[in-house]
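Undergrad: This is what each chain is made of:
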Amino acid sequence: MVLLSLVMLATEQRSQRLAGLRSFLSVLVYPIQYLVGVPGNVSDQVFDTFSSYQSLREENRALKQQQLLDKARLLKFAALEKENIRLRALLENSFKLGEQVLIAELLSVNLAPYEHVVLVNKGSRFGVHSKQPVLDATGVVGQVIRTNPLSSEIMLITDPNHAIPVQVNRNGLRTIAVGSGQLNRLNLPFLPNNADIKPGDLLITSGLGGTFPQGYPVAKVDAFYPQPDKPFAAIYATPTAQLDKSHELLIVWSDSNPIPLLQPTPDTNTDTDTDTESTQTHTNE
Amino acid sequence: MNNNHGFIIYLLSVLAAMIIWVAPWPEFMQFIMPDWILLVLIYWCLAIPERVGIVNAWFVGLLTDVLTGRLLGQYALTYAVVCYPSLKLHKRLRHFPLLQQGMFIFSSLLLSQLLVFWIENIHSPTRFHLSFWLPALTGTVCWPVVFMLLRKLRYSYRIT
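Residue numbers (this note's numbering), protein chains in the order written: chain A, 1279 to 1563; chain B, 5 to 164.
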C-alpha cells in the first residue's frame, strides 16, 4: 500500500497519467462537496421566498437603473474599442478580442488551509480547461488549475504559489504580482526602489505570459516602501476583485485569433509589445 | 451484530467527517481544524480492527485526496501509515486510560502532519507557518469527544 501510494505520488507529480482515475473519483466525491453547500443554499432560498414584495421591487428598480447606466457606458466603450483597434492597426500591433465567458457558481467548499484554491460547479463537461483565466465583476480572480467532469479548481491570485504579470495602468510599467497568502494582499517584489509607482495606482493584466487577457484590473497599489539597503522595494497591493465575497465567477475563453490588421504589411510585428515600446521603435525607424 | 449494518455506520461516520472537514469555516478555524477523518478512522481501527484495515484506510485517504485536491496518494499514504500502529496495538490501546490514549493519538496525528508536510513540500515548497502543527494538538483535544460519540453510536447499533 505504501509503495503503491508512493508510485502514485511520483506519477502524478510528473505526468497526467492518473487524470482518468482522478476524474472518476471526483465524480464519487462530488455529492459530498454538493452536500456541504446545501444548508447555505437552502437558507438563501428561504430568505428569497420570504423577502417582501416591496424590497424585491426596490432591488429590481435599482438593478434596472444600474443596467441603464452600464448600457450607456458600454455604448461609449464600443466606440472606444473600435478606435483602439484602428489605432493599434496603425501601430502594427495585433489585438485580441472576442472573449467568451461562462458563469460558474462557487461551491462552498474549503479545500486546504494555507492555499487559496476554490471549487466551482462547472467542469470539463462545459469545456472548461486548465489555465483559463477567471474573473468576477470587479477584476481578475485567478485561473483554473484542474478540471473534473463536474467541477473545477480555481487558484486565486492571492495564493502564495500564484504570480500574475501586471502593468501599471498610469504609465505601462510592467511587473509581476505574487500572491501573499492573505486574501486582501498581493506583493510586487520585483520593482526597484526608484520605480515610478505610487499608492492608488491601478494594476491591470499585461497580457504577457499568455494566460490572462490584457487589460483587466487586478489590484490597487496601497503601500510603497523603498528599502535603500535592498535591491527591490516593498510594494503591496489590494486585489480589486472581491475574492471573499463574490459567489458567481466568470470563466473566460479568449479567442486565439487576433483581429487582423487593417493594412497588412509584409513585416508584421506579431509581438504583443506595449504601446510605449512600439512607439519607440517607430521613432527609431 | 450484522456485518453489513456495521459497515454502513462506519461509512456514514467517515462521510460526516469528510463533510465537516471541507465545510467552509472562518479563517482562524481553518488553521486549528483537526483531521476529523483520521480521528474517525483511528476509532474504527481500535473498535473493529478485523473489518477496518489498512486497505480501507487507504481508500478513504484516496477519496480525501480527490476531495481536497491534493496529489493523489498523499492522504492515502498518510492514513494507511497512521492506521497501522493503531491496528497493531488495538488490544492494548482499548485498555489504556483516556490520557494515555490521548498521548498515542497525539503522536499519530503528529506523524500524519509530518507526512503531509513532506509531501506538500515536494509538491510546492512554500513557507509553512508554525501553526501548521496546531491541528495535531486540537485533534488530541477533540479525541475524547469523537471517542465518546462513536462509542455511543457503536453501542446503540451493537456493532462488534
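The set of hints was computed from the structure by calculation and includes no laboratory data.
Ideal Cβ positions, reconstructed from N, Cα and C, are used throughout, including at glycine.
Hints may contain errors.
Partial list, computed: chain B residues near chain A (C-beta under 8 angstroms) [stated by the list, open to error]: (1) LEU15; (2) LEU19; (3) ALA21; (4) MET22; (5) THR72; (6) LEU81; (7) GLY106.
Some residues of chain B that are not near chain A, with every Cβ distance over 10 angstroms (derived) [claimed, not checked]: (8) GLY10; (9) PRO28; (10) ALA51; (11) LEU66; (12) LEU67; (13) VAL70; (14) GLY77; (15) LEU97; (16) MET107; (17) LEU115; (18) PHE136; (19) ALA140; (20) LEU153; (21) ARG155; (22) SER160; (23) ARG162.
Undergrad: Compute the least Cβ-Cβ separation between LEU153 (chain B) and chain A, then decide whether it is above 10 angstroms.
TA: holds (20 angstroms)
Undergrad: Test the statement that PHE136 (chain B) is away from the interface with chain A: the closest C-beta pair must be farther apart than 10 angstroms.
TA: violated (7 angstroms)
Undergrad: Does LEU15 (chain B) pass the interface check with chain A, least Cβ-Cβ distance below 8 angstroms?
TA: violated (12 angstroms)
Undergrad: Quick one, is the THR72 (chain B) hint okay against chain A at 8 angstroms, beta carbons?
TA: holds (5 angstroms)
Undergrad: Is GLY77 (chain B) truly not at the interface, in the sense that its beta carbon sits beyond 10 angstroms from all beta carbons of chain A?
TA: violated (4 angstroms)
Undergrad: Against chain A, does LEU115 (chain B) keep a CB gap of more than 10 angstroms to every residue?
TA: Nearest chain A Cβ is 13 angstroms from LEU115 (chain B), so the label holds.
Undergrad: Identify whether the interface hint at MET22 (chain B) stands, where standing means a beta carbon of chain A within less than 8 angstroms of its own.
TA: holds (5 angstroms)
Undergrad: How about LEU81 (chain B): closest beta carbon in chain A under 8 angstroms, or not?
TA: holds (4 angstroms)
Undergrad: May I ask you to check that ARG162 (chain B) keeps its beta-carbon over 10 angstroms from the closest beta-carbon of chain A?
TA: holds (28 angstroms)
Undergrad: Holds or violated: the hint that GLY106 (chain B) contacts chain A, with Cβ atoms closer than 8 angstroms.
TA: For GLY106 (chain B), the interface hint is violated, since the closest Cβ of chain A sits about 23 angstroms away, which is over 8 angstroms.
Undergrad: Minimum Cβ distance from ALA21 (chain B) to chain A below 8 angstroms?
TA: At 10 angstroms from the nearest chain A Cβ, ALA21 (chain B) fails the 8 angstroms test, so the hint is violated.
Undergrad: Against chain A, does ALA140 (chain B) hold up as non-interface, every C-beta pair farther apart than 10 angstroms?
TA: About 14 angstroms separates ALA140 (chain B) from the closest Cβ of chain A, which puts it past 10 angstroms; holds.
In this structure, the earlier hints numbered 1, 3, 7, 9, 11, 12, 13, 14 and 18 are contradicted, and the remaining ones agree with it.
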